[in-house]
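Colleague: The primary structure of each chain is shown beneath.
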Amino acid sequence: DAGVTQSPTHLIKTRGQQVTLRCSPKSGHDTVSWYQQALGQGPQFIFQYYEEEERQRGNFPDRFSGHQFPNYSSELNVNALLLGDSALYLCASSSPGQGYNEQFFGPGTRLTVL
Amino acid sequence: DAKTTQPPSMDCAEGRAANLPCNHSTISGNEYVYWYRQIHSQGPQYIIHGLKNNETNEMASLIITEDRKSSTLILPHATLRDTAVYYCIVRVGYGNKLVFGAGTILRVKS
Chain L
1 DAGVTQSPTH
11 LIKTRGQQVT
21 LRCSPKSGHD
31 TVSWYQQALG
41 QGPQFIFQYY
51 EEEERQRGNF
61 PDRFSGHQFP
71 NYSSELNVNA
81 LLLGDSALYL
91 CASSSPGQGY
101 NEQFFGPGTR
111 LTVL
Chain U
1001 DAKTTQPPSM
1011 DCAEGRAANL
1021 PCNHSTISGN
1031 EYVYWYRQIH
1041 SQGPQYIIHG
1051 LKNNETNEMA
1061 SLIITEDRKS
1071 STLILPHATL
1081 RDTAVYYCIV
1091 RVGYGNKLVF
1101 GAGTILRVKS
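As they're listed, the protein sequences go chains L and U. So the first sequence is residues 1 to 114, counted in my numbering. So the second sequence is residues 1001 to 1110, counted in my numbering.
Heads up, a few of these hints could be off.
Claimed, not checked - Derived coverage of chain U by chain L (criterion: at least 3 residues anywhere in the stretch with Cβ under 8 angstroms from a Cβ of chain L; other residues may be distant):
| # | region |
| --- | --- |
| 1 | 1042-1050 |
| 2 | 1098-1110 |
Unchecked claim - From the derived model, a few chain L residues whose C-beta atoms are all more than 12 angstroms from chain U:
| # | residue |
| --- | --- |
| 3 | Ser65 |
| 4 | Asn79 |
| 5 | Ala80 |
Keep in mind the hints are simulated off the structure, nothing from the lab. For glycine and all other residues, C-beta sits at the position ideal for the given N, C-alpha and C.
Construct all of the structure, not just a fragment, from the sequences and the given hints.
Modeller: Written as structure tokens, this is what we have:
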């Protein structure tokens, strides 16, 4: 079992550009959450997807959007990038079999905005 | 979600028990206590969770006070690989977002 995988590992963009990050959940997991972790801080919840719909959203602007596909994989899109969007973006998946109690995190995508 | 308070850092000798405290004085009756850790350059890792009874698994033990206003995560025999940031989180039920604080940096020293 490969666990949660994310791509790319690292990404460099310039202000104003758009970026798409990808996540494949752990086998058997149907719920995907995205988090942003700035340097030296704890992860901050962006949103959660279940059954291809956004179910919960944190305090992030509409520039942050997502999608979940029928195979449960997910994408995070960020438009009009700002310097402050530089962070580690983490994807986490969970399953009904464990009551969604345990979230498995991927290694993250390091985004740098210049 | 209730707010948690943790010490910013702690040191522990290798092979000794590491006891990490967490205060959650505003916790509600239906909120669980979760512990995650994050080793440098990796995603957070689930450790354990509980509602009001003490819990133990292969990684750690979780002791929750009777009034549920505080808890302690115990790593019984800390190793150098346990050096990480430990997050105490409270949340309602299952499937909901995790609200991370600053956590406790645990340094295990030989």
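Colleague: Decide, hint by hint, whether the structure agrees.
Modeller: Taking the hints in turn, this is what the structure says about them:
Here the region 1042-1050 of chain U counts 6 residues with a CB under 8 angstroms from a CB of chain L, which clears the bar of 3, and the coverage holds. Three residues within the 8 angstroms Cβ limit are the bar, and the region 1098-1110 of chain U against chain L gives 6, so the coverage statement holds. Interface exclusion of L:Ser65 from chain U stands, the closest Cβ pair being 17 angstroms apart, more than 12 angstroms. The claim that L:Asn79 is not at the interface with chain U holds, since no C-beta of that chain comes within 12 angstroms of its own (minimum 22 angstroms).
Here L:Ala80 stays apart from chain U, with its beta-carbon at least about 24 angstroms from theirs, past the 12 angstroms limit.
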